[in-house]
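> Letter by letter, the chains look like this.
There are 2 protein chains.
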Amino acid sequence: MTDDPEKDAARRHREKMEKRKAVQDAEVASKSIAQKGLLMVHTGPGKGKSTAAFGLALRALGHGWKIGVVQFGKGAWRTGEREMLEKLGQVAWHTLGEGFTWETQDRTRDEAAARRAWETACELMDDLAIRLLVLDELNIALRYDHLPLDEVIAKLGARRTDLHVVVTGRNAKPEMISAADLVTEMAQVKHHFSAGVKAQAGIEF
Amino acid sequence: MTDDPEKDAARRHREKMEKRKAVQDAEVASKSIAQKGLLMVHTGPGKGKSTAAFGLALRALGHGWKIGVVQFGKGAWRTGEREMLEKLGQVAWHTLGEGFTWETQDRTRDEAAARRAWETACELMDDLAIRLLVLDELNIALRYDHLPLDEVIAKLGARRTDLHVVVTGRNAKPEMISAADLVTEMAQVKHHFSAGVKAQAGIEF
Chain A
1 MTDDPEKDAA
11 RRHREKMEKR
21 KAVQDAEVAS
31 KSIAQKGLLM
41 VHTGPGKGKS
51 TAAFGLALRA
61 LGHGWKIGVV
71 QFGKGAWRTG
81 EREMLEKLGQ
91 VAWHTLGEGF
101 TWETQDRTRD
111 EAAARRAWET
121 ACELMDDLAI
131 RLLVLDELNI
141 ALRYDHLPLD
151 EVIAKLGARR
161 TDLHVVVTGR
171 NAKPEMISAA
181 DLVTEMAQVK
191 HHFSAGVKAQ
201 AGIEF
Chain B
1 MTDDPEKDAA
11 RRHREKMEKR
21 KAVQDAEVAS
31 KSIAQKGLLM
41 VHTGPGKGKS
51 TAAFGLALRA
61 LGHGWKIGVV
71 QFGKGAWRTG
81 EREMLEKLGQ
91 VAWHTLGEGF
101 TWETQDRTRD
111 EAAARRAWET
121 ACELMDDLAI
131 RLLVLDELNI
141 ALRYDHLPLD
151 EVIAKLGARR
161 TDLHVVVTGR
171 NAKPEMISAA
181 DLVTEMAQVK
191 HHFSAGVKAQ
201 AGIEF
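Here the protein sequences come in this chain order: A and B. Under UniProt numbering, the first sequence is numbered contiguously, ending at residue 205. Under UniProt numbering, the second sequence is numbered contiguously, ending at residue 205.
Among these hints, one or two may not hold up.
All copies of an identical chain are treated as equivalent in the list; a pair is satisfied when it fits inside any one copy or across any two copies.
Simulated crosslink set (DSS-like; lysine-lysine; CA at most 27 Å straight-line) [unchecked claim]:
#1 Lys190 / Lys19
#2 Lys155 / Lys198
#3 Lys190 / Lys173
#4 Lys87 / Lys66
Everything labelled a hint here was simulated from the structure, so no lab data went into it. Keep in mind it's a predicted model, so treat the numbers as computed, not measured.
Same shape as in the complex, but just chain A (with noise of 0.2 Å):
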């Protein structure tokens, strides 16, 4: 204690953020694997599960890896987003969903659908170049029975120690989730349609 009040507050300030960073290089100094491909799956209600995908697209685009994008539906992302990323590096891009069941209404239309979906993201997963692969949506074709689960985790399990997957899409299933390295869960808090506010161009599309 001194005899100036704000000295004395900002000593406090200084040794709690002093503790803080103590606990934090504790915390990355325990780690010890040093390299692993990462699973990462986004799911739930809310917004940003593609567009954090696209994010981390752009950087390992950045990084000069090449990377493999499936969408297992319409998907959030169009043309002219694809031909961004397309400028910025090497970009393997398939869009073999149809649109959601809901609008096509044909069930084994959906199948066939899902199934030339993953048959190509597992090309691009035995692609040595590809360091980042986004399966956009994977989680609603595994969520309708589209494609079989026991086949998609095991493929996903073998995947190569350097090969990085995302997977989008909400109502994960729990094996998804107990397969992945890292899960986010996007949960809706506040959206503006419900102000009555119609989708953003620039925006959601």
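Model the placement of chain B on the given structure of chain A, informed by the hints.
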């Protein structure tokens, strides 16, 4: 009902999906506000808050928009990613944070850095060419009271109707959530740090 259980299942599936589509179509039709610059907040302890913001930046550039980025912290995004975005269009990028307060341990410096960052944000809000402004980790500056909350909320509330703003950072203030049009909370369901895996190049930095 028919004699064919497979046909029945297909019919039930079709009816269910038709119903779902009708609900969705009605929801879309109910929206009356055609254009509104959205205040979007990405908060919560999970990954993907800044990454989803940069995914939005990519999309905005795809629409030919000029974008602004102000980093109130040192930011999860580095020179490489900035260069990628700059290749794609007009980006006004300012990294004005000097690191988290538990690294700097100097409150006066933190406050001055936050003030500079906020003044830059205000200038960019007045630049009519900019249609999307990313205020990365503004929530953290507000949480530590490095900026007056009232001033920030008032300025954001008075933004142009064609300016979209994305605010990121955990622990968003209730006043920020109240002012926002769209709030997504990124929750951490599972993290590879807990399994002893270090931060991965190309994914986390």
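> All hints are to be evaluated individually against the structure, with a verdict given for each.
Status of the hints after comparison with the structure:
no., hint, result
1, Lys190 / Lys19, "between (35 Å within a copy, 25 Å between copies)"
2, Lys155 / Lys198, "between (40 Å within a copy, 24 Å between copies)"
3, Lys190 / Lys173, "both (25 Å within a copy, 14 Å between copies)"
4, Lys87 / Lys66, "both (12 Å within a copy, 18 Å between copies)"
When the structure is compared with the earlier hints, no violation turns up for any of them.
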